[in-house]
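S.K.: Model the full structure from these sequences, guided by the hints.
Each residue of the sequence shown is one higher than the one before, counting from 64 in my numbering.
Simulated from the structure, these hints should not be mistaken for lab results.
Computed from a prediction, not measured in an experiment: that's the story for all the values here.
Fair warning: there could be bad hints in the mix.
[Unchecked claim] In silico SDA-like links for lysine to any residue, alpha-carbon gap of 20 Å or less:
| id | residue 1 | residue 2 |
| --- | --- | --- |
| 1 | Lys247 | Val223 |
| 2 | Lys112 | Asn171 |
| 3 | Lys67 | Gly220 |
| 4 | Lys145 | Asn171 |
| 5 | Lys112 | Gln162 |
[What the hints assert, rightly or not] Here are the computed distance ranges between Cβ atoms for each label pair:
| id | residue 1 | residue 2 | range |
| --- | --- | --- | --- |
| 6 | Ala152 | Ala263 | 26 to 32 Å |
| 7 | Ala152 | Ser92 | 27 to 33 Å |
| 8 | Arg69 | Ala184 | 22 to 28 Å |
| 9 | Lys276 | Ala173 | 41 to 47 Å |
Just so it is clear, CB atoms sit at the ideal spot from N, CA and C, and this is done for glycine as well.
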Amino acid sequence: MSAKIRRATRSDADFLAWVMLASSRSHLSRGAWDLVVGADDAGCLDYLKRLAVADPRSLCHYDSFLVAEVDGRPAAGLCTFKPGDGGWAVVDQAMSNVQRDLGWTDANLAGSQQRLAPMLACMPPEAGADWVIEFVATLPEYRRRGLVDGLMREAIGQGVECGCSLAQIMILIGNDPAQAAYEKVGFAVHDDHGSAELDAAIGSRGFRRLLRKL
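M.R.: So this is what it looks like as structure tokens:
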């Protein structure tokens, strides 16, 4: 197996759409993007492919992603970002542009906000992290080959190079394999945030945040 880690490019948009959808679902059948888009897999992937190339450039843009490639094929990915550069506020702007291009109506927007409300209510307060890793996923046929370990170490190294001091990653509670993978590279559980409403919406009672000093 010949593997390498590289920066994502515009041509990776289809793969990055899958990464964002799969990582949001974690070990479940529904996740954040299902709540946002309210469509089947094809609809969610189309939305996310557009988001991966949309302006303004957000943490969901291909510029923010690393890709692990095996024998020339994208196999795993993740994104990194500095919260101080705009974070999810910039994502909201990019999403608005995607939704406009897709012709979303006021009813579409209201439905999205209603579905997403239980998840937004469980988002934790800031913990001082200045480097965030998000959207980690590997194609099923390439799992257990060390790709996530390599991507995580590269992402951590980038944070150090950027002068950051504290890294953060979050998982859905119950995703034990992901937690073990992140603990392997030095992350430790910091806190949990959840609700019965979120459990009813997606099947997980909330988020678990892990931190690591850089």
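S.K.: With reference to the structure, classify each hint as holding or not holding.
M.R.: Checked hints:
no.: 1; hint: Lys247 <-> Val223; in the structure: 18 Å, holds
no.: 2; hint: Lys112 <-> Asn171; in the structure: 19 Å, holds
no.: 3; hint: Lys67 <-> Gly220; in the structure: 15 Å, holds
no.: 4; hint: Lys145 <-> Asn171; in the structure: 30 Å, violated
no.: 5; hint: Lys112 <-> Gln162; in the structure: 12 Å, holds
no.: 6; hint: Ala152 <-> Ala263: 26 to 32 Å; in the structure: 28 Å, holds
no.: 7; hint: Ala152 <-> Ser92: 27 to 33 Å; in the structure: 29 Å, holds
no.: 8; hint: Arg69 <-> Ala184: 22 to 28 Å; in the structure: 37 Å, violated
no.: 9; hint: Lys276 <-> Ala173: 41 to 47 Å; in the structure: 42 Å, holds
The structure shown violates the earlier hints numbered 4, 8.
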